[in-house]
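Residue numbers (UniProt numbering), protein chains in the order written: chain A, 1 to 488; chain B, 1 to 488; chain C, 1 to 488.
Heads up, some of the hints might be wrong.
One copy or two, either will do: identical chains are not told apart, so a pair holds if it fits within one copy or between any two.
[To be verified] In silico PhoX-like cross-links for lysine-lysine, where the CA-CA straight-line distance does not exceed 25 Å:
| no. | residue 1 | residue 2 |
| --- | --- | --- |
| 1 | Lys262 | Lys333 |
| 2 | Lys333 | Lys269 |
| 3 | Lys332 | Lys444 |
| 4 | Lys332 | Lys269 |
| 5 | Lys444 | Lys333 |
Quick caveat, the hints were computed from the structure, so don't treat them as lab data. It should be emphasised that the depicted structure is a prediction, and the values quoted were computed from it without experimental measurement.
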Amino acid sequence: MSSHTEQHVKRRESSSPATGGDTRYYDALVRLMQWINQHRLRVVFLTSIWCAIAFSTFTFAQESVSVEALAEQVALQQGNLNVVFILVCATLVVFMNAGFGMLEVGMCRQKNAVNILSKNIIVFGLALLTYWAVGFGFMFGQGTSIIGLSGFFISGDSATYGLDPFPTGLPVTIFFLFQAAFAATSATIVSGAVAERIRFDAFLIFSVVNIAFYCISGKWSWGGGWLADLGFADFAGSTVVHSVGGWSALVGAIVLGARYGKYEGRLVKPIPGHNLSLATLGCLILWIGWFGFNPGSELAANENIAYIAITTNLAGAAGGTVATFVSWFKNKKPDLGMVINGILAGLVGITASCNQVSFVSAIIIGCISGCLVVFAIDFFDALRIDDPVGAISVHLCNGVWGTLAVGIFGANAGIQQFWIQLVGVVAYGSFTVVTGYLCWLALKLTLGIRVHDYEEIEGLDIHEHGQIAYAGFSMVDEAPSSLIETKL
Amino acid sequence: MSSHTEQHVKRRESSSPATGGDTRYYDALVRLMQWINQHRLRVVFLTSIWCAIAFSTFTFAQESVSVEALAEQVALQQGNLNVVFILVCATLVVFMNAGFGMLEVGMCRQKNAVNILSKNIIVFGLALLTYWAVGFGFMFGQGTSIIGLSGFFISGDSATYGLDPFPTGLPVTIFFLFQAAFAATSATIVSGAVAERIRFDAFLIFSVVNIAFYCISGKWSWGGGWLADLGFADFAGSTVVHSVGGWSALVGAIVLGARYGKYEGRLVKPIPGHNLSLATLGCLILWIGWFGFNPGSELAANENIAYIAITTNLAGAAGGTVATFVSWFKNKKPDLGMVINGILAGLVGITASCNQVSFVSAIIIGCISGCLVVFAIDFFDALRIDDPVGAISVHLCNGVWGTLAVGIFGANAGIQQFWIQLVGVVAYGSFTVVTGYLCWLALKLTLGIRVHDYEEIEGLDIHEHGQIAYAGFSMVDEAPSSLIETKL
Amino acid sequence: MSSHTEQHVKRRESSSPATGGDTRYYDALVRLMQWINQHRLRVVFLTSIWCAIAFSTFTFAQESVSVEALAEQVALQQGNLNVVFILVCATLVVFMNAGFGMLEVGMCRQKNAVNILSKNIIVFGLALLTYWAVGFGFMFGQGTSIIGLSGFFISGDSATYGLDPFPTGLPVTIFFLFQAAFAATSATIVSGAVAERIRFDAFLIFSVVNIAFYCISGKWSWGGGWLADLGFADFAGSTVVHSVGGWSALVGAIVLGARYGKYEGRLVKPIPGHNLSLATLGCLILWIGWFGFNPGSELAANENIAYIAITTNLAGAAGGTVATFVSWFKNKKPDLGMVINGILAGLVGITASCNQVSFVSAIIIGCISGCLVVFAIDFFDALRIDDPVGAISVHLCNGVWGTLAVGIFGANAGIQQFWIQLVGVVAYGSFTVVTGYLCWLALKLTLGIRVHDYEEIEGLDIHEHGQIAYAGFSMVDEAPSSLIETKL
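The task is simple: from the sequences and hints, build the whole structure.
As structure tokens, this is what we get:
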């Protein structure tokens with residue numbers, strides 16, 4: 001067949017003299033065909049193999065685009081889910097301001113209600129703006145391991161705050177919102193301990209400065225600072241938020257002194273709150289707020305958040321139950337204030353370890369917290385440190401206890417972890433006490449921090465705000481005439 | 001070419017006498033090459049086919065790993081979404097305790113406020129611990145079809161509670177949290193009906209025992225027990241939660257007797273609540289709580305939850321509207337208490353069928369609930385059963401009505417389904433009445449369940465708790481001097 | 001080999017005479033085998049290529065089914081996530097009714113508390129039923145560009161309301177629930193401005209009619225009507241919800257006239273609220289409600305919701321802070337009412353532009369809102385327009401300001417966008433003022449809209465409802481005897 005083709009080609013060539021100039025291409029083609037003919041088996045073999053690879057690769061390429069796009073979509077959706085979850089948690093933590101506000105106003109006297117409400121509500125606004133301007137940068141900005149020095153006034157860049165880019169990491173915005181709510185909470189803790197005698201302007205200034213210090217010390221543990229490197233564990237802030245707030249409250253209560261008439265000679269006079277309905281509402285708002293506070297600190301929507309919600313809930317229940325029965329046994333009557341403070345004590349106590357202790361450990365931590373808070377309130381009264389709402393007993397004592405409990409019940413429990421926890425507690429305590437004291441002292445020496453005695457006696461509402469909380473509220477002994485008796 | 005190769009091989013063999021010992025391998029190779037040469041076409045064919053299969057399979061293998069991993073990730077994310085959703089719902093249901101607390105305290109008298117608040121808040125804690133210890137095991141542990149007998153003190157094993165493993169099923173933790181909040185709600189229903197005259201300690205003991213019985217009967221329907229097998233349908237607990245709570249409340253109110261001065265001869269004296277602002281707040285908190293209660297009972301985040309939220313909302317709106325106009329027509333004035341109870345009645349009524357009735361049916365169910373509650377309150381007054389907050393009228397009457405409504409408006413509506421629903425209602429009713437009565441009776445015969453008359457008249461707050469809810473609350477008729485008139 | 005085969009075949013044929021009738025099939029087979037033998041190389045080649053294609057295609061087919069199913073599952077999950085997110089947001093917006101209720105009741109007098117609470121709670125129910133029957137159809141039904149005319153009584157068809165089918169779009173149900181909550185909010189705004197003097201029945205009728213008009217005008221912008229076509233931007237309702245509510249409130253306050261004793265000659269007498277604790281709680285509930293109101297208006301769960309939450313939060317904080325300091329400077333005392341109204345003003349102001357302005361712009365918008373509200377309250381007092389809770393200053397002034405701010409700070413800021421925004425503001429304003437006025441007038445001429453003077457003076461609670469909000473609430477000057485002093 002080979003020679004036959006050659007003849008055919010030659011014949012065609014000679015009959016086409018006009019195309020004589022193209023013969024070299026024609027010759028090359030002929031030689032190629034001859035070569036293919038000689039190696040036809042090899043050609044078939046190689047072509048087949050090539051096709052097998054090519055079609056498979058083509059299929060792979062087709063697929064891999066689609067699967068990759070889908071994988072991206074899946075990752076984006078987990079990111080979206082994280083955003084939704086943290087937004088819900090941030091909402092709950094913001095709602096805690098209502099909880100603290102109602103708790104504090106209810107446990108204080110009617111004549112100071114406007115002052116307490118004003119403090120709580122405006123401090124949240126100021127805290128947010130301060131946190132936006134400098135706090136977030138101090139706490140999560142990159143820099144040294146003791147203070148963040150970048151990312152002020154929020155930059156959109158995730159890396160500035162040690163976050164992975166969305167969707168792997170949280171968007172800066174939602175992380176900011178969640179952390180800002182925490183910062184405002186820390187300020188609100190102080191509010192309760194210094195209530196009913198502090199100047200409104202002094203408290204606002206203190207709160208703004210205090211948030212800056214809170215953020216600096218927050219860097220140490222949550223911003224990847226030196227305590228984090230050491231292995232200090234405080235999952236949702238028994239120390240970073242609560243004991244820090246508690247130390248500021250303690251220093252404030254000491255520097256301010258007790259309320260007029262609280263301690264007379266060797267007598268401790270109870271000054272009951274004017275609205276325990278609102279105080280109880282505040283406690284229940286705080287309880288659900290903790291479902292944002294603790295599970296939200298996981299910073300991602302996964303199975304763990306359910307576990308954290310349970311340890312949190314069990315510790316709160318245990319704290320409330322134990323505080324109720326201990327105070328019942330001690331004072332012969334079950335005290336509503338102790339039920340409330342016991343619940344909060346249990347919730348503060350579990351905050352550091354809620355992600356890593358067993359359910360039974362959570363209950364034990366809560367029980368100890370509930371017991372602790374009852375005796376702590378007596379203890380501070382014995383020291384003549386006047387804390388109208390028990391904030392120091394709840395947040396400081398149980399914040400410290402909860403932090404140490406990580407070393408006792410946590411995943412790495414042991415003497416080493418316990419010492420690390422103790423180092424953290426001491427570091428936060430000494431820093432906060434020193435900076436807090438300097439801040440209170442500076443305010444005392446300049447603006448003054450305490451209202452005049454006559455203002456305190458007549459009430460801060462009239463003198464600081466020119467308002468009263470329950471204007472025109474009148475006693476109603478009789479039911480209106482329309483509420484007549486029904487005859488059956 | 002064949003013979004040429006053979007000669008070449010032989011020549012090579014003879015020129016390498018040193019390797020004479022290996023000739024058998026060499027011979028085998030030669031024979032293989034000869035065989036290949038003879039069957040070269042078959043070899044090419046089979047190799048090509050093999051390659052086509054191999055490369056495709058390789059591609060498939062490559063891909064299938066990636067797609068499978070992605071599918072796992074997708075399933076995990078739906079699991080995570082379910083967890084987030086149920087955590088939000090559980091939070092809302094926990095918040096219902098604040099709703100019931102504010103509703104009850106607002107509808108009762110000032111002198112019993114501390115008692116009511118203490119009851120509501122501590123019962124939630126006790127309920128949670130009881131549910132953790134035994135309740136969850138009774139209700140969802142495997143065992144007989146009338147009581148669960150495993151999984152006490154929470155085991156992490158999903159199968160123990162009839163759950164698929166995460167992520168297909170919910171984590172045990174979040175399922176526990178959601179169900180525990182329901183159990184506490186059931187206890188809170190009783191609280192309202194026995195308020196203002198029950199001993200604090202007796203109520204705590206009753207609540208703990210009551211939760212155990214609630215869990216046993218809960219098993220019948222929700223834990224895969226005998227009523228579930230029968231086809232009894234109670235989606236979110238018109239009977240399992242509300243009518244059970246209502247029956248306990250009814251028995252309690254009967255055993256306790258009416259409040260001092262409520263019924264005198266043939267007269268029914270109204271005893272109005274001391275804080276309708278808080279009662280209204282409680283109602284609105286309960287309204288949003290139902291957005292967790294009903295949609296959350298779907299136990300998964302899917303399209304149905306939106307449907308359930310609408311039926312729930314429409315029934316609540318219809319109940320409130322009808323109760324308002326019926327009581328307006330009946331008493332010539334629109335009564336705030338009736339608006340509140342009408343809304344709650346509508347919400348209780350739709351609870352059993354919220355996942356399966358049309359929107360129009362939901363409105364009809366709500367309208368009937370709103371009408372029912374107005375007449376039920378008069379009915380129980382006529383029977384001299386004193387229920388300070390109308391809990392029996394709301395939860396018992398509408399719980400029963402809502403359960404039967406499944407047989408009238410539900411997906412399988414018909415005489416058969418109606419009878420099954422009736423069997424469920426009777427079973428739950430008789431069990432709860434008998435166990436509740438025995439429990440109240442045992443308490444009455446031992447501890448006593450009712451406070452002394454003088455305690456009731458002077459208020460439970462002082463005698464049971466040594467506290468008052470609004471200490472130092474003083475009437476303020478005049479605005480403070482600083483609130484001067486402004487001259488334009 | 002060919003001839004050998006032929007012989008074998010022939011021999012087989014001759015030895016099987018019984019099968020002689022089948023020879024034509026046998027011949028065809030022989031011819032096929034001969035053809036294959038002649039073209040064996042081509043057969044091998046084509047078969048190999050065919051196999052390569054076939055196996056790849058098979059793999060592709062295998063895969064593509066699985067990946068497609070997975071892609072559907074992924075899309076469904078994003079849909080589920082959207083549903084969960086919007087359900088949470090709708091819950092928060094529904095909770096805003098509690099916020100408005102507490103704010104209004106707290107800022108008004110004790111004697112009208114039951115009336116205010118009743119109004120707020122029943123209007124939500126009526127609004128929901130009205131929105132279900134006609135409102136949703138007016139607002140999102142397809143029809144003309146000025147009014148929707150289909151989809152009354154909710155149809156399940158997404159297209160009726162301009163939605164993509166689930167899971168791409170939201171289910172009709174959850175979209176309805178979210179929008180219904182918005183409609184009820186609009187009605188509640190009016191409630192505050194006309195409080196303490198309006199007839200209960202007149203207000204209910206006005207609210208129902210008002211919602212219908214709200215829905216018609218809502219169509220223009222959110223339902224794809226003529227303002228949407230024009231490029232009018234109002235993301236979450238500074239105008240569609242707030243200024244519309246504000247205009248109705250303004251017309252209502254003018255038509256009704258001021259409360260008895262508010263303006264005497266040239267004097268403006270302050271009428272302080274009776275419960276600022278509840279008013280503050282209301283403000284904080286509204287604050288978290290806005291986390292549903294604004295982010296939820298994105299109508300999907302994605303990264304933007306975090307951004308929106310931040311702009312919202314910063315504007316609220318800025319508004320509260322500026323209003324506090326401006327009123328402090330102006331009146332020498334920090335006024336709690338101004339803190340509250342400043343926060344709400346900032347939140348209303350950012351509502352139109354929360355999805356498209358920078359953080360700094362959000363703070364500027366909030367600051368201007370906070371300043372605006374302080375002077376607006378004085379301005380309306382100077383005009384003798386009596387607005388008990390400042391609703392007109394908060395919702396109307398800042399609704400308008402927020403809408404115009406889109407033209408100043410928004411993504412398409414410029415003179416053109418500003419004019420478009422102004423057109424929208426004027427269109428909504430004139431429509432609402434005209435329809436609102438006609439509605440109030442019709443009510444005034446028929447039923448009457450204002451209670452008698454003696455009813456206003458003695459309180460609407462007794463005369464309209466036959467109830468009082470704080471029955472039997474008694475002054476308690478002394479602590480109970482059990483609260484004895486403790487000796488240390």
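Against the structure, the hints:
For a Cα distance limit of 25 Å, the shortest separation of Lys262 from Lys333 inside one copy, 22 Å, qualifies, whereas the shortest one across copies, 28 Å, does not. Proximity of Lys333 and Lys269 under a CA criterion of 25 Å is satisfied intra-copy only: 18 Å inside one chain copy versus 32 Å between copies. Taking the shortest Cα distances, Lys332 and Lys444 sit within 25 Å of each other only across copies (22 Å), while inside one copy they are farther apart (42 Å). In this assembly of identical chains, the alpha carbons of Lys332 and Lys269 lie at most 25 Å apart only when taken from the same copy (18 Å versus 35 Å across copies).
Within a single copy, Lys444 and Lys333 get their C-alpha atoms only as close as 40 Å, which misses the 25 Å cut-off; across copies the closest is 21 Å, which meets it.
Of the numbered hints given earlier, the model fails none.
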